[in-house]
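Peer 1: Each chain, letter by letter, is given below.
2 protein chains.
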Amino acid sequence: MKAIPSRPALTRLFALGVLLVLGASVHAQTDPLTSWNDGPAKQAIVTFVEKVTTEGSPDFVPLAERIATFDNDGTLWPSHPMYTQLAFALDRIKALAPRHPEWKTRQPFKAVLDNDMKALAAAGEKGLVELVMASHAGMSTAEFETIVTDWFRTARHPRFERPYTELAYQPMVELLEYLRANGFKTYIVSGGGIEFMRPMTEAVYGIPPEQVIGSSIETRYEMKDDKPVLMRLPKVHFIDDKAGKPVGINMFIGRRPVAAFGNSDGDRQMLEWTGAGDGARLMMLVFHDDARREYAYGPANGLPDTKFGTFSQSLMDEAKKNGWVVISMKDDWKQIFATKP
Amino acid sequence: MKAIPSRPALTRLFALGVLLVLGASVHAQTDPLTSWNDGPAKQAIVTFVEKVTTEGSPDFVPLAERIATFDNDGTLWPSHPMYTQLAFALDRIKALAPRHPEWKTRQPFKAVLDNDMKALAAAGEKGLVELVMASHAGMSTAEFETIVTDWFRTARHPRFERPYTELAYQPMVELLEYLRANGFKTYIVSGGGIEFMRPMTEAVYGIPPEQVIGSSIETRYEMKDDKPVLMRLPKVHFIDDKAGKPVGINMFIGRRPVAAFGNSDGDRQMLEWTGAGDGARLMMLVFHDDARREYAYGPANGLPDTKFGTFSQSLMDEAKKNGWVVISMKDDWKQIFATKP
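Residue numbers (the numbering used here), protein chains in the order written: chain A, 1333 to 1673; chain B, 1333 to 1673.
Same shape as in the complex, but just chain A (with noise of 0.2 angstroms):
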């Protein structure tokens, strides 16, 4: 008889058994950041939210001033080898030359055409805005909606030979659910444009359309067979980059975000308007550090400059300085995209 347990021991020992195994379920469950390592990046975004979400906390932060702030291009997803919109712009100016023959000859539209990209670099800032207007305006909103949805669904990442769409960084995709549950309204502010990222956003991000702020082109409100269009402009309404970043966000949201992401010197000013609230707030820089499983750049640190999402040493400084939190890619990440390219 000794051998068997009494009853109530053997209950306490099922019960504790089942709160074991429970514990461990809640636990595995509860952790929303599966893709993250342990270390600094992790902890600060989970002492953050902890702390602004705790009622009675000096830095409880009501439910309708959780705003959360996230460039696109590099934070989110690739802006490497390019930026996935100058990819679309030189793939619509390929599928329009055919209407235009006089693009053979002329720049940096032949450039584009011959994929000279040094020639197309030579073109400078100029000869971006000419493309982008070429392949962006001159028709209407829902037309370009189409040309957008129907890009994206073609369209391959030259390195990862996969959509776009499917290159979305596992761990910020975690992040941004993480914060939702927790009550924030997440908010794209790209330098992109809107209307380009606004087809894919919800899908991808879970992020919708009214929450993307982006650069922007002029629309004009038209007639058309009886039927209200609103017809894209060959010029620029509004760039949401760097200084226009928190001039952006004043405007579309009106409120200040407590928290804010970026990756590049694009977002500095962003993360300053943040930061120059009161209370708890959460800024933080994604570093391209991985080569090996997506890109290494800076010029900050010492890895190799780039036009796509410059990380500059002053940058890197500021972070330090001000105590926004530099994620390694290398070292944050458990791993880049959903599924392995």
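If you're looking for bench data, these hints aren't it; they were derived computationally from the structure.
In this text, all values refer to a predicted model and were calculated from it rather than measured experimentally.
Please note that a few of the clues may not be correct.
As the list makes no split between identical chains, a pair holds if one copy fits it or if it spans any two.
[Stated by the list, open to error] In silico lysine to any residue, SDA-like type, Cα no more than 20 angstroms apart, as pairs:
id: 1; residue 1: Lys1639; residue 2: His1489
id: 2; residue 1: Lys1567; residue 2: Glu1550
id: 3; residue 1: Lys1559; residue 2: Glu1475
id: 4; residue 1: Lys1450; residue 2: Tyr1553
id: 5; residue 1: Lys1450; residue 2: Lys1639
id: 6; residue 1: Lys1559; residue 2: Ala1608
id: 7; residue 1: Lys1559; residue 2: Lys1653
id: 8; residue 1: Lys1559; residue 2: Gly1609
id: 9; residue 1: Lys1442; residue 2: Leu1422
id: 10; residue 1: Lys1559; residue 2: Gly1634
id: 11; residue 1: Lys1662; residue 2: Gln1375
id: 12; residue 1: Lys1383; residue 2: Ala1427
id: 13; residue 1: Lys1450; residue 2: Pro1413
Please build the complex by placing chain B on the supplied structure of chain A, with the hints as guidance.
Peer 2: For chain B alone, coordinates are given in the frame of chain A:
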């Protein structure tokens, strides 16, 4: 014993009574539009909402697409005897006058200081823009918010003698709440200044700042005493009126509304744009035909013409042609304000 009913009979009677009482109270509790008289306007609202929220109905609208846009002046609160924001601008000019002795002899400022409404009208739109810039620019966004908030605290409507923030139309407040209770996101889309409205929309209409779209001046990101600020510049950025309303809706929301509410020719294109989408739509116009309780103006239907919130006969004709519902303040609204002024 005959006089006393049996136990089961008593129980049945009691149950019936409870049902009757509950039924009546449920009915009373569930009329969300108590300030609306029964009639075609109220009926149109209820029919529309039931249609688009009934799963399986051919008119069902998914939650994410339930966007409703509301003009502000004349639709949610009075725009007479002048736009509230104009009253603010005039008060502000008077408050700033001691710092601007030259205004005593310079139009349109002299007209404001002399309360000379004829000279003010003669200054036209150019004069108005001058007044707006002098009263709305030259400070940071945070300073402007304080100025506006203070003004709303002290200013009184000249006829109703109460704060402007107590003059929201009660039937429209109920409509906003009814739509939100049915999963709608409610937006303001106003010709008024976006940063003039935002300090009060949450308290007055339950609409958060990020759901307020309006006209704006340019802002510039600057460092002031090592703190970032957004300075308000005397330069128009965007006019959210007439054909600008669909442009603003597309820019800020990126989705077409399924319901839109206005009161003047400034809302015509917003209603056209809303109506041009597929599926069930609701477009309504508040018609001010109630001089006794509020104001009466057109010039539609032979009412007096007005500079503030013009409802032209051609708008009335377009409403009839397109099936837009015209709300008669006199006939459709049981009461105008939350409590009688």
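Peer 1: Going back to the hint list, which numbers does this structure go against?
Peer 2: 4, 10 and 12
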